[in-house]
Amino acid sequence: MGIDQLRWRWWNAVVLIGMVGVTVVTVTGSDSHEKQEQVVSRIAFGSCSNQSAPQPSSEQEMKAGYEKAKSNPGYARLQQNAKVIGTWDDHDYGLNDAGKEFHGKITNQKLLLDFLDEPQDSPRRKQAGVYASYTYGPVGRDIKIVLLDTRYHRDPVGSDGTILGNSQWLWLETELKGPPTALTIIGSSIQVISNLSATIHPLFAMESWGRFPKERDRLFKLIADSKRAGVFFISGDVHFGEITRYDCALDYPLYDLTSSGVTQSVEEVVPPFLRSFVRFVAWLTPSTMRVKNQNCRYKSCIYGQPNFGTIEIDWDSHPVTLKFKVRDKDSVTVTGVDVSLTELQPSNSEILDRVKAEHNNSKHCTLEVSLPWIVRYRLAILFFSTLFVMFVAFLVLVYTCFRLCRLESCKRKHD
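So in full-length UniProt numbering, spot 228 of the sequence shown is number 228, and the numbers just go up one at a time.
Read the hints as simulated data drawn from the structure, not as lab findings. From a predicted model like this one, the values you see are computed outputs, not experimental measurements. Worth double-checking, as some hints may not be accurate.
Unchecked claim - List time: in silico EDC-like cross-link candidates among lysine to aspartate or glutamate, alpha-carbon distance up to 16 Å:
1. K227 x E312
2. K83 x E59
3. K221 x E268
4. K214 x D160
5. K68 x D114
6. K110 x E67
7. K70 x D97
8. K70 x D121
9. K110 x D155
10. K227 x E175
11. K177 x D225
12. K214 x E175
13. K323 x E343
14. K83 x D155
15. K110 x D121
16. K292 x D338
17. K100 x E173
18. K63 x D121
19. K227 x D160
20. K329 x D251
21. K110 x E59
22. K83 x D117
23. K83 x E61
24. K221 x E173
25. K70 x D117
26. K221 x D247
27. K126 x D142
28. K329 x E268
29. K221 x E175
30. K214 x E267
31. K292 x D225
32. K83 x E101
Unchecked claim - Cβ pair distances, simulated, as ranges:
33. Q120 x S340: 39 to 49 Å
34. Y298 x D114: 17 to 27 Å
35. I381 x P213: 19 to 29 Å
36. E61 x R125: 15 to 25 Å
Glycine residues also receive a C-beta, built at the ideal position from the N, C-alpha and C atoms.
Construct all of the structure, not just a fragment, from the sequences and the given hints.
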């Protein structure tokens, strides 16, 4: 599924993180002020469009990639009806899984901002990193979109250093402690809540905030100290879609709606006959944060085919209702959850306790790294046990063949 095949009827807003990572907000009105005041009630987003293409090795190749994306007919139609804002992930940044050590980041920041038609006098062209924030909608129905840069200042994975860097942390604190809004969407190119690396190690590894535990704790503490209501995350990078939540960071649950791959998804890179096996592995992999309910297409509540995420906001319902969904390329829901805005309010411990009891979500307070080791590493245990059994079976087969050959040889000698 390409960008031109996304269901662009999901106005008022479309968000893409990683392809380049682009956030697109579409509103109507005769001027920019009227557009900012337009009520936004539907948002769509996605990531990882053609992310598996060969990595550009030069500024010219990177620029050509942006030009190709911009000339895509679907994206061109989108630009005609949308204000495009955005951030990046690793492949847009310039190197797979890269952080602050990447030397081409200054050049590639300019290329990204040129692609996004960022004004020449924009502060984003003067700062180190592409982080930004935008507010849409009238007071009482306003949405703040905070786009983080998880690449420019990030220390090496495993260092438990910084992701955002000092300047971005100061900026984020100002944004979150500023004027309140009904909703605050924090866009991170990597997952914030889930830490799958803790349960798939040593077989695989994925980037996430969970691999920088001090930095993630700092993020949660900042949100808690800000007393900001209606905060949730959107993310990408992992090449599958899922919804996760964490109930023990604030006094209301934090959700992370992950959509990844618009075109590049995990099941697309394996032969069709192996896709059922991929789904089995997804089901077997433990996750304490994943939201599981009757809306999931598969038992794992992971969707590894092309997908995009949607957020529907019913401002006229009492209380205001949010519908978080991951959809397939035909716009059919593959996993989703309904959330009341009253659940996402500070100092609402009674409501949180009730929600936990109703949905049996107490498990959303257990970090993956805190699981019993036999649960945490059951995927690796199964994998290496299977290899061991296969190796033993091979030795038995070799030994049996050897014995049969010797018996046959001895029989011929006697004859």
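Quick rundown of the hints versus the structure:
Taking the CA atoms of K227 and E312, the gap is near 24 Å; set against the 16 Å cutoff, the hint is violated. Between K83 and E59 the CA atoms are separated by roughly 26 Å; this puts the pair beyond 16 Å, and the hint is violated. For the hint linking K221 to E268, the alpha-carbon distance of about 38 Å lies beyond 16 Å, and the restraint is violated. Simply put, K214 and D160 have alpha-carbon atoms about 7 Å apart, close enough for the 16 Å limit, and the pair holds.
The hinted pair formed by K68 and D114 meets the criterion: a straight-line CA distance of about 14 Å does not exceed 16 Å. Between K110 and E67, the direct Cα distance comes to roughly 14 Å. Compliance with the 16 Å bound is thereby established for this hinted pair. Between K70 and D97 the CA atoms are separated by roughly 24 Å; this puts the pair beyond 16 Å, and the hint is violated. Pair hint K70 plus D121 does not hold up; C-alpha atoms about 22 Å apart against a cutoff of 16 Å.
Between K110 and D155, the direct Cα distance comes to roughly 22 Å. Violation of the 16 Å bound is thereby established for this hinted pair. Proximity of K227 to E175 is assessed by CA-CA distance (about 12 Å); at most 16 Å being required, the pair is judged to hold. Restraint check: the Cα-Cα separation between K177 and D225 comes to about 8 Å, which is no more than 16 Å; the hinted pair holds. With a C-alpha separation of about 21 Å, the suggested pairing of K214 with E175 is violated against the 16 Å cut-off.
Our distance criterion of 16 Å between C-alpha atoms is met by K323 and E343, whose separation comes to about 13 Å. For the suggested pair K83 and D155, the alpha carbons sit about 32 Å apart, so the restraint of at most 16 Å is broken. Distance restraint check for K110 and D121: the Cα-Cα separation of roughly 13 Å lies within the 16 Å cut-off, and the hinted pair is therefore satisfied. Restraint check: the Cα-Cα separation between K292 and D338 comes to about 12 Å, which is no more than 16 Å; the hinted pair holds.
The suggested pairing of K100 with E173 is violated, with an alpha-carbon distance near 21 Å, which exceeds 16 Å. As the CA atoms of K63 and D121 are separated by approximately 21 Å, the hinted pair breaks the 16 Å bound. Between K227 and D160, the direct Cα distance comes to roughly 26 Å. Violation of the 16 Å bound is thereby established for this hinted pair. About 36 Å separates the Cα atoms of K329 and D251, which puts this hinted pair outside 16 Å; it is violated.
Proposed proximity of K110 and E59 is supported: the alpha carbons are some 11 Å apart, at most 16 Å. A distance of roughly 10 Å separates the Cα atoms of K83 and D117; the hinted pair therefore holds under the 16 Å criterion. Distance restraint check for K83 and E61: the Cα-Cα separation of roughly 26 Å exceeds the 16 Å cut-off, and the hinted pair is therefore not satisfied. This hinted pair checks out: K221 and E173 have alpha carbons roughly 11 Å apart, not beyond 16 Å.
As the CA atoms of K70 and D117 are separated by approximately 11 Å, the hinted pair is consistent with the 16 Å bound. Of the pairs offered as hints, the one joining K221 and D247 holds, with about 13 Å between alpha carbons and a cut-off of 16 Å not exceeded. For the hint linking K126 to D142, the alpha-carbon distance of about 28 Å lies beyond 16 Å, and the restraint is violated. For the given pair, K329 sits about 13 Å from E268 by alpha-carbon distance, which is consistent with the 16 Å threshold.
For the hint linking K221 to E175, the alpha-carbon distance of about 14 Å falls within 16 Å, and the restraint holds. A C-alpha spacing of about 33 Å is found between K214 and E267, which places the hinted pair above 16 Å, so the restraint is violated. Taken as a hint, the K292 and D225 pair is broken in the structure, with Cα atoms around 29 Å apart against an allowance of 16 Å. Among the hinted pairs, K83 with E101 is inconsistent with the structure: their alpha-carbon atoms are about 32 Å apart, more than 16 Å.
Range check, Q120 to S340: Cβ separation about 43 Å, and the 39 to 49 Å hint holds. For Y298 paired with D114, a C-beta distance near 40 Å fails the hint of 17 to 27 Å. Restraint check, I381 to P213: a C-beta distance of roughly 24 Å satisfies the suggested window 19 to 29 Å. Between E61 and R125 the C-beta distance comes to about 22 Å, which sits within the given range of 15 to 25 Å.
The structure is inconsistent with the numbered hints 1, 2, 3, 7, 8, 9, 12, 14, 17, 18, 19, 20, 23, 27, 30, 31, 32 and 34, although it conforms to all the rest.
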